[in-house]
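Novice: Here are the chains, one letter per residue:
Protein chains: 4
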Amino acid sequence: MDKGSSFWNRALRNARSAWDKIATDNDGGVPSISSTPGLNDEDRVEVIKHMQACLDRRGGEVSARKRAAALGHVYMSLNKAGRKRFLTLLTDEFGTDHDKVDQAVVMLSQSQAEDRFAVEQKLREALKAPRVQLLTQFNALPEGVKFLVDMREELIPWAKKDKQLRGLESDLKTLLTNWFDVGFLELRQITWEAPAALLEKLFIYEAVHEIKDWEDLKNRLASDRRCFAFFHPRMPDEPLIFVWVALVNGISDNVQVLLDHNAPQGEPTEADCAIFYSISNAQAGLSAINFGNFLIKRVVDQLSRELPNINTFATLSPIPGFRRWLDRVVTDGSLNILTAENSAAVMALCPGKSAEAAVNEVLSRYEWHKDDKLASALKDPLQKLAAHYLINEKRAGGTAENPVAHFHLNNGAIIAQIDWLADTSERGIKESAGMMINYLYKLKTIDNNHESYRAGEEVIASTRVRSLLKI
Amino acid sequence: MDKGSSFWNRALRNARSAWDKIATDNDGGVPSISSTPGLNDEDRVEVIKHMQACLDRRGGEVSARKRAAALGHVYMSLNKAGRKRFLTLLTDEFGTDHDKVDQAVVMLSQSQAEDRFAVEQKLREALKAPRVQLLTQFNALPEGVKFLVDMREELIPWAKKDKQLRGLESDLKTLLTNWFDVGFLELRQITWEAPAALLEKLFIYEAVHEIKDWEDLKNRLASDRRCFAFFHPRMPDEPLIFVWVALVNGISDNVQVLLDHNAPQGEPTEADCAIFYSISNAQAGLSAINFGNFLIKRVVDQLSRELPNINTFATLSPIPGFRRWLDRVVTDGSLNILTAENSAAVMALCPGKSAEAAVNEVLSRYEWHKDDKLASALKDPLQKLAAHYLINEKRAGGTAENPVAHFHLNNGAIIAQIDWLADTSERGIKESAGMMINYLYKLKTIDNNHESYRAGEEVIASTRVRSLLKI
Amino acid sequence: MDKGSSFWNRALRNARSAWDKIATDNDGGVPSISSTPGLNDEDRVEVIKHMQACLDRRGGEVSARKRAAALGHVYMSLNKAGRKRFLTLLTDEFGTDHDKVDQAVVMLSQSQAEDRFAVEQKLREALKAPRVQLLTQFNALPEGVKFLVDMREELIPWAKKDKQLRGLESDLKTLLTNWFDVGFLELRQITWEAPAALLEKLFIYEAVHEIKDWEDLKNRLASDRRCFAFFHPRMPDEPLIFVWVALVNGISDNVQVLLDHNAPQGEPTEADCAIFYSISNAQAGLSAINFGNFLIKRVVDQLSRELPNINTFATLSPIPGFRRWLDRVVTDGSLNILTAENSAAVMALCPGKSAEAAVNEVLSRYEWHKDDKLASALKDPLQKLAAHYLINEKRAGGTAENPVAHFHLNNGAIIAQIDWLADTSERGIKESAGMMINYLYKLKTIDNNHESYRAGEEVIASTRVRSLLKI
Amino acid sequence: MDKGSSFWNRALRNARSAWDKIATDNDGGVPSISSTPGLNDEDRVEVIKHMQACLDRRGGEVSARKRAAALGHVYMSLNKAGRKRFLTLLTDEFGTDHDKVDQAVVMLSQSQAEDRFAVEQKLREALKAPRVQLLTQFNALPEGVKFLVDMREELIPWAKKDKQLRGLESDLKTLLTNWFDVGFLELRQITWEAPAALLEKLFIYEAVHEIKDWEDLKNRLASDRRCFAFFHPRMPDEPLIFVWVALVNGISDNVQVLLDHNAPQGEPTEADCAIFYSISNAQAGLSAINFGNFLIKRVVDQLSRELPNINTFATLSPIPGFRRWLDRVVTDGSLNILTAENSAAVMALCPGKSAEAAVNEVLSRYEWHKDDKLASALKDPLQKLAAHYLINEKRAGGTAENPVAHFHLNNGAIIAQIDWLADTSERGIKESAGMMINYLYKLKTIDNNHESYRAGEEVIASTRVRSLLKI
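Protein chains in written order, with numbering that gives the first Met the number 0: chain A, 0 to 470; chain B, 0 to 470; chain C, 0 to 470; chain D, 0 to 470.
The following block holds chain A by itself, in its conformation from the complex (with noise of 0.2 Å):
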């Protein structure tokens, strides 16, 4: 996780200089701490000494912002097994009273129904954790809630795996989805204009298609090209998700030709769609904090009104996991949906094998897309199974398998065309086996389709797709 520790080293390096000067501006007489790297025990009793003064407020709110931005000092100082235990020593010490939970439990069963809704209050109030109110004082640091959100990044690997730090993580993600609540964003538009702080931010971020230089990403952000960001007010250089535009004519079926330098730039006005080529959330202490949906929306909506010749929406979406599903699939035996006339040709080169099981093959074994007889003998195959990978196969609770489908059929989105060998880069190729998915996004019928896909319904798809699924 090169990116993350970099950056959440770069967020130390900026915080710190200002939490120390907070924190040792002496005239409140908050008493420093210091600490081993690894926060020995010694350190830990003066730590939790630290943390009660800071939620008794003692000495009020200025000596309790002195004490956060001291905690916050402590805990950059620390490596990571430092970090880690004392984010344990919050979970300990300052979690839910359980006593006084209890006794708010047993008021509720004696309690009238008039009084009813004085003992919930009384109850929520017993099952707040003294750590939220702890972790809420960071807010008032400059810088204090990327500190949170990198801290969040760190500590949910950890979660998973040690049930203590579970409900710490819970209550800093709730926290934070109230923070972070999409009336608080704001919805930019990303230029060559921006400043090269933030510009040089995307090519770390960006998680789809890789931005190879300044060159690449000044022609991602030329005049038939745009790039929208929400950020908030407390995190104004830190853009949480960003998505790729381009205005073309006629929906575009291949990312290469997206992205090639040296084709000639449309006119804005003239173009009739705009295509979602790609879409990252820039801040992984955030997941689980959903404001994607909402931004290709606020898009949308930006874009028709600036441009009222376009007329559709769609994405050029990859299939992540395709392959691993087919592998997975061809392992089981557990798929036939293949006929042996329309995979003759790959089954030849994999004698004794089945339909799947060749295609499957055939893609590990060749480099198959730059033969253009195999790719042919492959393209229909392939397609028929990308179109039953996406419409057939389901999680549990009924959603797509694949998480870009679910994320767009989710939002209301269609999935409107299937475009071979639409991304041949290496990527594109090992896991999408170089198909790439149109999925429109009609606005009148966005809610509709947004309810049949929650009511599990069959997915919407074109008629040039579905028709792919008939044997």
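Simulated from the structure, these hints should not be mistaken for laboratory data. Any given hint could be a false lead.
[Unchecked claim] Pairwise CB distance ranges, derived in the manner of DEER restraints:
1) D:E425 - A:R43: 53 to 61 Å
2) D:G396 - C:S16: 35 to 43 Å
3) C:S16 - B:P235: 28 to 36 Å
4) A:G397 - B:F202: 58 to 66 Å
Ideal Cβ placement from N, Cα and C applies to all residues, glycine included.
Place chains B, C and D on chain A using the hints.
Specialist: Frame of chain A; chains B, C and D shown alone:
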């Protein structure tokens, strides 16, 4: 409550057209609701349906936003009775699900120690009233946060009388407390360069020393004056709380002198005192959500850095409630701290009365402050009474009875000086017998003072003030 | 000239401390100058030395800047007589070098055709008065451009009487004309969101319809009103010229109705007319440097794009000078366009007088506009007189005598309508006999109208107005 | 002139569509002009007509603006030959009216002393070439000022060869000199937070030490580095001139060390030296309009205030022309300052040559700086030669022959140090024999140094440098 309602109407006017646009944008097919101003029974059924759809996020985020806008539209078109009915409906129909709470409580009682956290989390979820989620959706609307703040302003007095509404008020307070955490607030200086539209609001919100006209306002923003306010990013044109400061030489002991238009302007870089002579909460809908405490300290901090020659930070504050208190204790006959000697002159005017009663009667019967002799006769007894009132009169919890004293003492300030005939405005005479108080903020002792005050120890006052207590 | 001087003093106050700082920053060793308020003979020697050093750029740019600041400091500390002496000195000592000019002239007479350009360039250089270079240096000082503008304001009346100062005034005008080229000006809309410090200036600069108070100002900035101004980047807080616009339905024919606070606000998107009801030059020091012409057209352009439903752009303008003109021609006896028939009623009141004389006398003797009968008797003759005055009365160069008519006709507008009793304010009655004029700006004909007017052809007016000319 | 032209094309592209819109907005009925790329004779007639109409302001300001846009459009669609023809036409047809000048000259010779001013003013007017007024109109167009700057860039080399065009070039220079007066320029710091579109221009405009890539650029904007530039309000996205500063401890004597990416970042508040290591003019079209002088002093001023611990301001500058000069004087045989002793080692390599000739030959024949022995043998003679070149070699007017030395000496700096092997880049070795110079800016002596230099007195250098002059 004239201004509240006029502002409500303004917010209404501004937000309404924007919301109407969102609500009636028919792409998403949200049915509109119309209603009678009083919200009759039929309307209520319709509104409940709508609220339910909003909560179910039926149709996704965008539809939810439309539905919130439509509900807001209904709310704003209602009369007072209709709005109360609307809120009652929100309380009754979308409160906590008691059964869910009870089930979670049962689970808790049966849970193992190691599962305790997960069950507590379930209980926490169960205790969330659905109406909170509904209210949250308003923050995504333009002016939506201001809408909720104003809604709470209207709700507070209703909730005082009506137990049913108390839960809703409490939910709203919790929500706003989260959003208005001091870490999210911005301190801004307000100058004569500020937008007229913002300055205009100061006329309405100023709660201590009325601003007479624009000339008066300009005078309060002269080069040796300062005004600071807290703002919230989602209500950027609305001050939350603001404080007026005069930069002077020596502690001011008279507010009329401070506000005199004809006084020569001082040179701020030569001033040695910053006098906080008025602090006003601007948003009644944020009452009991405290940031005044933080405001003064942030301003002290900022002024210290800008003008290093300032070494004294003090207030010039009224004693609201002093006359009412005196009346009460005279009626009770419970007070007996004045001596016949120091009150001889006033006692002569009211034969047969105790010293306290005589003082009180003179205050009521005469324009005493315009009569030098009378004023001089009252000076000593009134200052003694004021010192006693501020230092010795306590509420149940041990805090100072006088609310202004409580605010500053709790902030860590001390009582430095009683200023005689410091506010001879009608209000000053009527409420505070013309006296004012300088509370002193010494950064080095603020924390200790605060703790001592919280611990219920004796109120800290200067030797001079304290000497007035001796009989 | 009260306001001029008060502003001069303000500019003085603001700039002075900054300039003092620059001037006395002793690193560069520029000797300071002190002087008596009247600038005595001794001071003059000192000042001349200083000016010379400034011109020689002795010590480089930074010293030159210091010297300019020091000279400005001296200038500002002088009284009126001293300032005039200062300017005279600048004229006398730093004017064109006549010998250099004469030498260049001799060279010109002897030059070959092919060297002509180079010699002309020499002559051009020789004609440059050194004082221009000296004045230029002020632009590098804070508020330096405003300083020169205000200096010219003071200089203009002196130069009218004093031939000697005329050269300096002309140089200053040339300099400012270069700097205030319309390409450098910014058009800004002024709203109720503008800084109070800026709005305050509108009170002082408004030259047509006095702004009574802040309530009145706010009313003129309501949603169906607009105010636009030109600004210069080096005087960003000072409007140069501004125009007030009302967005209404149908051409306005009464200014009191337009300015009425109690009138309901219109919906700008439904208006079909933009009425320019006042235009004021704010900087007397920029007189005869024209940008008013451009302002109206830029505003027409901007409003057309913002509010496409507006199809009529017209003014509602006074006829300043009309009454004075009438007086004059009655005294002269030079006018004879009214008939006994249409003036019978007024002639009856002033037996033995000509129709013109009778009308003029009634205007002077009675509060005629409050007397329905009188007003109705005056309506026809006065409108005839006004039409004649506007259309037929010319100055030497063939342009309209009335300055407002000249301004709009020269811009390409036409006279569309005479509005009866359109301005019954004291000033409106006194100067324009209560009448106002709608000048109409039709984009399609503006250029032809302008050329026709410049060519001295007949003034273009609507049929209705023109019909008033017929006897 | 690759970059010039690519930028010209960009300005062309940006401005063109805006201008086309203005030009073809048909309301005002300005006829459009079309032309062949080479501007044939027929076109010229058409263009002259158009220019004449533009000058007559036929149809008022708005039409004039349209006509200017249409002319600009024509200009931009021409090829190089066509553009030269266009400019020639402007020169020939719209130059000074010689007859008018001659008449004014006659009037001057006959004028009385008291009318002299008025006649001189007439002469001044007569000398104004109409083309100046025409060029001025471009400033009202978007990017119009940049258009004129780029036009002058193209014109300068033509004017050098073509006497006819010299007048136009001179007019344009006068116009731009007025507009780019230093008082109108804004000093801005450029950081990594600046728009990428602006930073990108630094790559192209940097004239001293090439910026290799974005990493290199970022390194030059690190926390212990500064970049400052002047901007003009009408060309806000175009730097005019910019300077790079390194904040270090002790005077830097090696530019490769300064630019090393791997060097640790210093703490600016602890630095005691600011080293100006590169200054570049960005706009070739503004050549001979000087503001570099002011830039350094403004930056010194700003840094002094921001970082009071910095007590030394010096450059690290190349000696461009040194090698060329050495070649020349060796060929001439005119130099004879080295002794056989201090040059023995190099003379041994080139038997039969003078010391100077030997040094020069070694520089040409060997990669001497990579050979320690050779380098050490050259050190003393080369430093002597450099000192002599910088201090003693003068141009006709008495100023330093080396242009960089002239720039800094004229600014009031002194020669403080010769840095041996301070720039071993290919260019550094080739032009400056690897040496660099520290020019020192001492605020206290700047003015005196400047005057002494202007007066032709001996160049001021440190004792150490001066000692190199002694034989």
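Novice: Confirm or reject each hint.
Specialist: To see whether the hints hold, each was checked on the structure:
1. The supplied range of 53 to 61 Å is met by D:E425 and A:R43, whose beta-carbon atoms lie about 60 Å from each other.
2. Taken as a hint, the range 35 to 43 Å holds for the pair D:G396 and C:S16, whose Cβ atoms sit roughly 41 Å apart.
3. One distance hint, 28 to 36 Å for the beta-carbon pair C:S16 and B:P235, holds here, with the actual separation near 33 Å.
4. A hinted range of 58 to 66 Å for the beta carbons of A:G397 and B:F202 is consistent with their spacing of about 59 Å.
The structure fails none of the hints (numbered hints given earlier).
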